[in-house]
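Colleague: Each chain, written out:
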Amino acid sequence: MKISGWGRYPVVDAQVAYPKTPGGLDDALRACPEGAIARGLGRSYGDSSLGGNMISTRWLDHMLAFDEETGLLHCEAGVTLNGILEVFAPRGWFLPVTPGTRFVTVGGAIASDVHGKNHHVAGCFCDHVGFIDLALEPGRTLRCSPHENPELFRATCGGMGLTGIIRSASIRLKPVGSLLIDQVTYKSPNLRESLELFALHESSPYSVAWIDCISGGESLGRSLLMTGDHAPEGEPEKGSRTSRIDLPVDLPSALLNRYSIKAFNTLYYHRIRAKSVVSRLYYEPFFYPLDSIGGWNRMYGSNGFTQYQFVVPKEGGYPAMDAILKEIVASGRGSFLAVLKAFGRRNANLLSFPVEGFTLALDFKVEKELFPLLDRLDAMVLGYGGRLYLTKDSRMSAESFRRGYPDWERFQAVREAYGAKGRFISQQSKRVGLD
Amino acid sequence: MQNILIIGAASAIAEATARLFAAQGANMFLMARSQERLSGIAGDLKVRGAGSVRTASLDANDIDAHQAALDAAYTSMGRFDVVLVAYGTLGDQKKCEADPDEALRELQTNAMSTVSLLSRLANIMERQGSGTLAVISSVAGDRGRPANYVYGASKAAVTAFCEGLRSRLYRKGVHVLTVKPGMVDSPMTEGMELPAALLAKPEEVARDIVEAIRRKQDVLYTPWYWRFVMMGIIHLPVKVFKRLSL
Chain V
183 MKISGWGRYP
193 VVDAQVAYPK
203 TPGGLDDALR
213 ACPEGAIARG
223 LGRSYGDSSL
233 GGNMISTRWL
243 DHMLAFDEET
253 GLLHCEAGVT
263 LNGILEVFAP
273 RGWFLPVTPG
283 TRFVTVGGAI
293 ASDVHGKNHH
303 VAGCFCDHVG
313 FIDLALEPGR
323 TLRCSPHENP
333 ELFRATCGGM
343 GLTGIIRSAS
353 IRLKPVGSLL
363 IDQVTYKSPN
373 LRESLELFAL
383 HESSPYSVAW
393 IDCISGGESL
403 GRSLLMTGDH
413 APEGEPEKGS
423 RTSRIDLPVD
433 LPSALLNRYS
443 IKAFNTLYYH
453 RIRAKSVVSR
463 LYYEPFFYPL
473 DSIGGWNRMY
483 GSNGFTQYQF
493 VVPKEGGYPA
503 MDAILKEIVA
513 SGRGSFLAVL
523 KAFGRRNANL
533 LSFPVEGFTL
543 ALDFKVEKEL
553 FPLLDRLDAM
563 VLGYGGRLYL
573 TKDSRMSAES
583 FRRGYPDWER
593 FQAVREAYGA
603 KGRFISQQSK
613 RVGLD
Chain E
15 MQNILIIGAA
25 SAIAEATARL
35 FAAQGANMFL
45 MARSQERLSG
55 IAGDLKVRGA
65 GSVRTASLDA
75 NDIDAHQAAL
85 DAAYTSMGRF
95 DVVLVAYGTL
105 GDQKKCEADP
115 DEALRELQTN
125 AMSTVSLLSR
135 LANIMERQGS
145 GTLAVISSVA
155 GDRGRPANYV
165 YGASKAAVTA
175 FCEGLRSRLY
185 RKGVHVLTVK
195 PGMVDSPMTE
205 GMELPAALLA
215 KPEEVARDIV
225 EAIRRKQDVL
235 YTPWYWRFVM
245 MGIIHLPVKV
255 FKRLSL
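Chains as they are written, first to last, in the working numbering: chain V, 183 to 617; chain E, 15 to 260.
Isolated chain V, as found in the complex (with noise of 0.2 Å):
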């Protein structure tokens, strides 16, 4: 069948198998000898779970144990993290770290060693994992943990499904007080000072911020910086649950042209006149704003669209955003709506993506102009000492990606080791050199 990432970009045809017992997982791995990848909810950008044989892991996920002195779940690879907050938000219990959609399987949090607005004081999904159960061969499953088979589990941590297949893991869900979010919103006229406001907030426990990639001049870089914190207790504003709605058709890609995303970004810059405001909201207007449009990956038309996410190091960051973000404006292809982070001290997990620094993520429709573009930012990006994030990416190259994680070699030494090079292989691994 034909099938593609988030980004509907590439589109490959498949096989995909959906194992709905455990056994059926062995029988699924028996039948491809030539080598597969595993395939969550499909919410990776580009070819991260594409492959010529993807085993699906949509019915496997069941949850196994929960012990409500720890918060420790135990759960199947296919639960997803929308799962758990139904389940475990009302009792009491949140995710340690979420990224920005909840839409996301345990398997594939765990592959992408996902990151939240809390990275700068919790650091990365995997650093509340307190195992995972990983099949490498039909019939041979594997228990790694920071302490059993260690090097497995931090080459499994982000290692995007490439060291085998996640049957279970379990997480440290943390205890709650409510289900608000005390939210303030910062406004910050320049690059320069939306940087500073990172630092000037990094005890706050979450803090993301919008970026305008259209405005250049006096306003490059301008945004709003967004803090929030688990409300004790008590209620939300009016209006701040936000309600469902779906895209259900392409939108025609001429629609998203630098005129209409420039009135955007404008508008939403100017969506608040203080300097700062203060609100109480529902945490899944918070955490999950793209949520609420289904279908959101349809406004770029039927050719489908990349992230473009990266990281540039601390030391030196003002400097590299700062010219990344003029090349961005100068093309003017830069999208809706950008988010930018600054992430705490990086882990051990050989191919997990935050390290200390800054972090931009923003959205380009595709289309053939765009890709020397890109490859400009990549080498800009490499050259400040920084990296491409694995999980939105549909088009680096292998020197582009060696460059980026210096410890590729050692990730291959341990996928040898356990059996699971040739075994555990996806489009993008074979195009960034790890076959």
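Quick caveat, the hints were computed from the structure, so don't treat them as lab data.
Possibly wrong hints are sitting among the right ones.
[Unchecked claim] Some but not every residue of chain E turned toward chain V, in silico, with C-beta under 8 Å:
| id | residue |
| --- | --- |
| 1 | E50 |
| 2 | I55 |
| 3 | V61 |
| 4 | R62 |
Cβ atoms here follow ideal geometry from the backbone N, Cα and C, with glycine treated the same way.
Fit chain E to the known structure of chain V by using the hints.
Modeller: Showing chain E alone in chain V's frame:
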């Protein structure tokens, strides 16, 4: 807390519905063929908040086992507040056309065995004098279409059976809900080329079922637009209908 019996508990719709009841703290009794599936689902429902979860392996086509299985479940629970009958197979129409025995097997699985279970359940519920019997039929039972008329015929039997049963049990305080899902994205439709926009998630269908049980609705089309789709199809004159390759 409510006592819920689910027959065909490993079906995607049944499992999604069971999760909603589990979140309400219900006590569950699950029946399905595969013990491996049952134990996975039972463990999951407990974590999700179910009061108690018991299971029994049952092959719906083993009619001789029906009465004992239902009696054991009833004894174990003491009362059925909701019974959901949710199993079925979507047979291969072309195979049924080539092999009449295959067609009869389809009718056996989707209609005859259901008649057996519902007849026995009806007697239990009638004596009990309360509760809801929710039965998953299909929009395919509303009209025989060339694409799946064997499956459609079996579901038409279930729909008509439930309609009569509803009138019989109405006076006894027992509610009968006929559920007619449209196309659902589940293992049953895996590998079929179906238009994604018309494919409902099992979770959506499950929410509709729980709500229809609560409201004591008689017939549920889910998602809602199938009611209008089928209204159009039902009213097409035979002269026109026979020319269409639906």
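Colleague: For each hint, tell me whether it holds in the structure or not.
Modeller: Verification of the supplied hints:
no.	hint	verdict
1	E50	5 Å, holds
2	I55	7 Å, holds
3	V61	4 Å, holds
4	R62	5 Å, holds
Of the numbered hints listed earlier, not one is contradicted by the structure.
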